[in-house]
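> Read off the chains here:
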Amino acid sequence: MLLSTLFFSAVFLAAFSGVPGLVLQRVGGWTASVLLAGAALCGLVLAGAVLYGGMTWQADLPWRLPNAHLLFKGDALGSFILAPVVLVSALLSVYGKDYWSEAEHGYAARQLRFFFGICVGAMVLLTAAANALVFLFAWEGMAMMGFFMITISDQDASVREGGWVYFVATHLGTLCLFAGFSLLASATGTFDLGPLPAGFAATAPGTAAFLLLLAGFGLKAGIGPLHVWLPGAHASAPSHVSALLSGLMLKMGILGLLRLLAWTPDPPLWWAGLLTGLGATSGILALAFALAQKDLKRMLAYSSIENVSIIFLGLGLAMAGKARGIEALVMLGGAGALFHLLNHTLFKPLLFMGAGSVMHGTGTRDMERLGGLAKAMPRTSLLFLVGSAAICGLPPLNGFAGEWLIYLGSFRALGPGGWLWAVVPLVALAIIGALAVACFTRAYGVIFLGEPRTDLGPVHEAPDSMLRPMAVVAGLCAAIGLAPVALQPALDRAASDLGTTAHLSGLASLGYLSLVAAIGLLAAAAVWDRVRRAPSTVAGTWDCGYAAPTARIQYTGASFAQMLTESFYWVLRPLERRPRIQGLFPRSAVFRIRTPDVFLDRAVKPSVDFAAWAMSWLRILQAGHLPIYILYVVVTLVALFVWTLS
Amino acid sequence: MIRPVLTFLAQVSLTLALAPLLPGIINKVKALFAGRVGPPVLQLYFDLAKLMRKDSVYSRSSTGLFLAGPVASVAVGLTAALMVPMGGAGAPLHFTGDAIVFAYLFGVARFFIVLAALDTGSAFEGMGASREVTFAVLAEPALFLGLAALSMHCGATSLGPMLAAASKGWNTASAGPLVLVLAAWTIVFLVENCRIPFDDPNTHLELTMIHEVMVLDHSGPGLGLVFYGASLKLWVLGALVVKLCLPMSGRWWLDWPAFVAGMAVLAMGVGVVESVMARLKLRRVSQALIAAVVSGTFGFLLFLLQA
Chain A
1 MLLSTLFFSA VFLAAFSGVP GLVLQRVGGW TASVLLAGAA LCGLVLAGAV LYGGMTWQAD
61 LPWRLPNAHL LFKGDALGSF ILAPVVLVSA LLSVYGKDYW SEAEHGYAAR QLRFFFGICV
121 GAMVLLTAAA NALVFLFAWE GMAMMGFFMI TISDQDASVR EGGWVYFVAT HLGTLCLFAG
181 FSLLASATGT FDLGPLPAGF AATAPGTAAF LLLLAGFGLK AGIGPLHVWL PGAHASAPSH
241 VSALLSGLML KMGILGLLRL LAWTPDPPLW WAGLLTGLGA TSGILALAFA LAQKDLKRML
301 AYSSIENVSI IFLGLGLAMA GKARGIEALV MLGGAGALFH LLNHTLFKPL LFMGAGSVMH
361 GTGTRDMERL GGLAKAMPRT SLLFLVGSAA ICGLPPLNGF AGEWLIYLGS FRALGPGGWL
421 WAVVPLVALA IIGALAVACF TRAYGVIFLG EPRTDLGPVH EAPDSMLRPM AVVAGLCAAI
481 GLAPVALQPA LDRAASDLGT TAHLSGLASL GYLSLVAAIG LLAAAAVWDR VRRAPSTVAG
541 TWDCGYAAPT ARIQYTGASF AQMLTESFYW VLRPLERRPR IQGLFPRSAV FRIRTPDVFL
601 DRAVKPSVDF AAWAMSWLRI LQAGHLPIYI LYVVVTLVAL FVWTLS
Chain B
1 MIRPVLTFLA QVSLTLALAP LLPGIINKVK ALFAGRVGPP VLQLYFDLAK LMRKDSVYSR
61 SSTGLFLAGP VASVAVGLTA ALMVPMGGAG APLHFTGDAI VFAYLFGVAR FFIVLAALDT
121 GSAFEGMGAS REVTFAVLAE PALFLGLAAL SMHCGATSLG PMLAAASKGW NTASAGPLVL
181 VLAAWTIVFL VENCRIPFDD PNTHLELTMI HEVMVLDHSG PGLGLVFYGA SLKLWVLGAL
241 VVKLCLPMSG RWWLDWPAFV AGMAVLAMGV GVVESVMARL KLRRVSQALI AAVVSGTFGF
301 LLFLLQA
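Here the protein sequences line up with chains A and B, keeping their order.
Taken in order, the first sequence gives residues 1 to 646; the numbers are from my numbering.
Taken in order, the second sequence gives residues 1 to 307; the numbers are from my numbering.
Accuracy of the hints is not assured; some may be wrong.
What the hints assert, rightly or not - Simulated coverage check for chain B against chain A, where a stretch passes if three residues somewhere in it have a Cβ under 8 angstroms from a Cβ of chain A:
1. 18–25
2. 150–159
3. 168–177
4. 238–247
What the hints assert, rightly or not - Over the 12 angstroms line for every Cβ pair with chain B, so calculated as not near, a few chain A residues:
5. Phe147
6. Arg160
7. Leu172
8. Ala198
9. Leu435
10. His460
11. Ser567
12. Val598
13. His625
Calculated directly from the structure, the hints in this document are not laboratory data.
Think of the CB as a built atom: it goes at the ideal place given N, C-alpha and C, for glycine as much as any other residue.
Just chain A, with the same shape it has in the complex (with noise of 0.2 angstroms):
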């Protein structure tokens, strides 16, 4: 009972933050800040009480609507997600209060911290939603508030396409779900969400219900191919806002696919096959096209498909332990899965307020007009290096601990009796690993080393409210990365939930990694600090003898990815005017190269342009005239009294 009031209580608050604002105009930014902090408390403690003190809880209220009630169960699995919603929205709204202020955006301002609080509510609602039609209301409402909120500066055109195709995908997302609920409802005879009769999955409806979900949850998460909405509208959105939808909204969808596994008792090998090859995919071309990409919150946009795509390799893996009824298998890619979708969940945002700090303090997000940040934003620039080094991966940050709960659970797989398709994550994990250390050192150094590549007039560091928040989810980075063992019970319970009995304690020891990370720290500490003593002298940087270097020799992002850039061109088709150096005194020429998503521009437009042109001739049905459509209802009238006759 009382955990159940928590739970409401979290999603009323988040979901009435942005109310007050609406009329209290001074205040209102700081009282949606105490609303949602006081959610994110309520949540804490609900997510605290399941993952470490093992409760559970459940509502079932009445609902008016056919074959509905509002049921909502809260299980470790949906906890181990409230706690991240709730938490990094909190800090988003307290950043957004001065990034996307009120004195500088008026009422667009009020309308947003409204959209925000009911969104962030309705991903709390998400998280428990055990039965098919709450579930699918909580997915809308989160769904729409998240086109309200990237179209909210629709004076801007590219904002307003932006906002357009992310509300056709997430609709073509929500049909999906549709359908695909219906099927599970017609196997277990209930819209309760729950386990499906063993030998279903093999069935022709299973299958259709695997592929409808997928294809629903996959829309939402942004795993390529499907993930044609999410650059544009992630670019097109407030910082904070593209923070929220990167770092949770996308998270919904992997949440919907955790649930089908964990409904699933016997699920076909091959699911296991296209999740993994499809994260496999996905992970590596999404960071061709990051590296490709001079826009920050663009490449930011295609990083978190790389990411979503490790959460299907460990989904991958754990799809595959329960198929082979591997118990080891199914915890490892699970916790694996999870721990990267935590670790998401908060470097992403991260990155994102960076991004928006950087567009706050010099006015643009092209990296190649940038350069030498560190200076101007010394703190900025190290809470984004923060992030940077977690996303790839490094010890001693978050983001290698769930990496490499993924590459022991494909060891475990090749191991006996096991999945020998598991090299496949394997490699791409490492493949993965490699090209998000070029491009997010690409990104780093290009905005925040060197020197400025073009005047950028003066630039400011971020004020305080913006950096508290960012420096709050950058510890939490480092303080998972140096001690994830904290989070092993949590994880355990969680990954329990998808239908296994092995125990993480049992398969990998994640308090070792504390000890390397103490050992490098120290190391690094010890060494740092006789280097830093000796005496020193400045002078200009040793260019191999130029005496007058410029900025504008420096190396750019365009000519640091080059090399890898190039061994992806096929798939990348970048638009390029390259001029023709001829003579012995060219004129001065200018080369320019664009990568738009090839997969929005020539797959998804042209077919969404076939199917216009194939529905044109609907059109004649619609001339205009009154007199015609009279006619229509008149014949509908008469068709209907004949069919009633006979």
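Guided by the hints, dock chain B onto chain A, whose structure is given.
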């Protein structure tokens, strides 16, 4: 109780003391091939002693991150040295999945060295950094395919048992796939340590270099750390290759000298390769790395067929 402590002490002191010897051996072999007397084998020790006493010069463009590169490379080298088995059967620091941590540690060093290179704003260092991250994309899967193959072979994910099982397998049917894994890892060893035929540590043509060009701006103790970190990496990754081949007797007074001798032989081998081969064209480097990936894949598949 006393035995692990002794192993730990032996491993740490040997690594700290002997790592800078390897570049000396390599250079001596190269000099002998060229008919020169060459620098003394202990030259790197002299250089380090000299650099540690010098002042530093920093670029006006650089920030505090500039020193993180050399510091990370030494810290990573020291940590990784505890995780690879040397004379004894197991490493001082071993646990399930330590092979993955071992591989990722070098990613940390790469991350910070690349950032330190970009920190100076120099175009040449940008080129080196770009090449470093590009070739890593192929070197990492080659390393991991080797690990996957060895893990298939013995069922463990800790470097100690993996390498111990592999070194016992050379006179069995496992020899075939082991040769392929060894080939893959030797290429990774040469690329990661920037040796000929992939990169030339002695070149002065900045346009073609990878690692050396990234550290152009380091000076004084920082440069000393760069050199020391590079020799630690040579030592640790060399230990991986040597332990893959070197069988163990189980008697410490035989295994430790054999390991040190193995490392010396490896250094001489590198010296011979550098003397008889030219540097590959930059575009060929990725082809050689793809060969390493293919070799690792076939090693894995052969173990699979045997299992």
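> All hints are to be evaluated individually against the structure, with a verdict given for each.
How the hints compare with the structure:
Requiring three or more residues with a Cβ within less than 8 angstroms of a Cβ of chain A, the coverage given for the segment 18–25 of chain B is violated, as only 0 such residues are present. With a cut-off of 8 angstroms between beta carbons, the segment 150–159 of chain B has 4 residues touching chain A; three or more are needed, and the interface restraint holds. Three residues within the 8 angstroms Cβ limit are the bar, and the segment 168–177 of chain B against chain A gives 0, so the coverage statement is violated. Coverage of a stretch by a chain is defined here by at least three residues with a beta carbon nearer than 8 angstroms to that chain's beta carbons; for the segment 238–247 of chain B and chain A the count is 0, and the condition is violated.
Even its closest Cβ contact with chain B, about 37 angstroms, leaves phenylalanine 147 of chain A beyond 12 angstroms, as expected for a residue assigned away from the interface. Non-interface status of arginine 160 of chain A relative to chain B is upheld: no Cβ of that chain comes within 12 angstroms, the nearest being about 37 angstroms off. No beta-carbon of chain B comes within 12 angstroms of the beta-carbon of leucine 172 of chain A; the shortest separation is about 34 angstroms. Consistency note on alanine 198 of chain A: stated as away from chain B, and its beta-carbon is indeed over 12 angstroms from all of that chain's, at 31 angstroms minimum.
For leucine 435 of chain A, the shortest C-beta to C-beta distance to chain B comes to about 6 angstroms, within the 12 angstroms cut-off, and the non-interface label is violated. With a closest Cβ-Cβ approach of about 18 angstroms to chain B, histidine 460 of chain A is found to remain outside the 12 angstroms limit, as its non-interface label requires. Under the 12 angstroms C-beta cut-off, the non-interface status given to serine 567 of chain A relative to chain B is violated; the minimum distance is some 8 angstroms. No beta-carbon of chain B is positioned within 12 angstroms of the beta-carbon of valine 598 of chain A; the least distance is around 21 angstroms.
Distance check for histidine 625 of chain A against chain B: the nearest CB is about 64 angstroms away, which clears 12 angstroms, and the non-interface claim stands.
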